[in-house]
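Protein chains in written order, with the numbering used here: chain C, 1 to 308; chain Z, 1 to 74.
Because the hints were derived from the structure by calculation, they are not lab data. Note that CB positions come from ideal geometry on N, CA and C, so glycine has one too. There are no misleading hints in this set.
Here are some chain C residues pointing at chain Z (derived, C-beta under 8 Å):
#1 E17
#2 T20
#3 N21
#4 G22
#5 R77
#6 V97
#7 E100
#8 L116
#9 K220
#10 T221
#11 S225
#12 I228
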Amino acid sequence: MAFLDSEQMIIILDALESVTNGMENPGLLEQIKDIPRESKLRPYVDLVFALQAYYGQYPTRVREYLTSIPDDSPPARLKPLLFYLAGLAKDPPEGRVDREILKALQQRKSYLETALEEAEQFLQEDHEDSFSDSIAYLIRELYGKFPEASKQLTLWAWEKIQENGWDGSLLDAHLKMIFGDLEATRLKALYSLHAGLPEAWEEWTSFLMKLLHTEPRNEKTVEASLMIWIYAAIQVQVDAQRVQEVLEVLERKYPQLKAKYEKALEEQTARGTDVFVNTVNPPVSSPRRCASPSRKKRDFVQLELFPS
Amino acid sequence: MMEQDLKEKVLSWAKRKSIPVEGEVEAQVRKLLSPYPFGSLSELTQILKPRPPYVGPGIWLRAIGRSPKGEGHA
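So that you can see chain C by itself, here it is in the shape it has in the complex (with noise of 0.2 Å):
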């Protein structure tokens, strides 16, 4: 059992001390994590890179450095302790030591869980301000850090607020203030397209003009988003003087953009297969009034966007 009095393994009890007393050492880690794997040491690195990703909070990293530890060796006794810490087991083990760890380990909530806890009693109890003042607060909170999640928050947001059939308004004037008009508006549509509601084209419409207003602007961008927008339009019946209005501007800023897409669309409408139809229907507003269980049955009406 020398390998384990080596100078290498001296190393790594540095390391792992260094992942674990909360002043990691980049230099060890760095001098550790070449060690082969056919190595009798290489459990215990894998034990301290195991240990460095449960405090950095990644149990992917986690769940893989630990499945790499052989069951028969010493480090494997920290296995299921691990496993239950990073959230990848249900239930914690039952041994002394692993109690004793559980212990010293025991957290305290923080402040964003129960603001979470909070903003699921709100739903429940069907309180919509309180509701979007505290998803509101997660979402800022989580923005600098984490700005997908926080974006992904805001999707769930806008789902719990639509099968309340509430109506959004100040979820909406929060999400203005924290991501700007632009991106706000964006996700509140991209929510919409998600959930294949009827409302989605009308939304992504105000997307777009914003977008076309918005100077510079990456033209690549704008052309996704103008084909995201004929692809919602397909799918619904639409306000003919918006069509117009878009085009407008489009035709204004991106001439050739509009020639692009024109061309396009007419080699569609020549098939003449399709049913066109310059049909007005009231933008919606709310998303109470797109409720109905039967809005996905809508019907598939195309639409001719650059009538000649």
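Once you have looked at the hints, place chain Z on chain C.
Quick look at chain Z alone, frame taken from chain C:
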């Protein structure tokens, strides 16, 4: 439950309609239609947890049968 493949639906629709989609435009479509909504809030709970307290190496080492400093460790 919400749709999971909106990006692919838009892009395959464009392909069916013979709309040429440049790589950068496709990337923008994907970006504009991201992210996916949370399937459940449990995905968020892990993020919200506070960083665990640092308890030092001793407790971990004892659990795997090592003394805190190890034999031969100054």
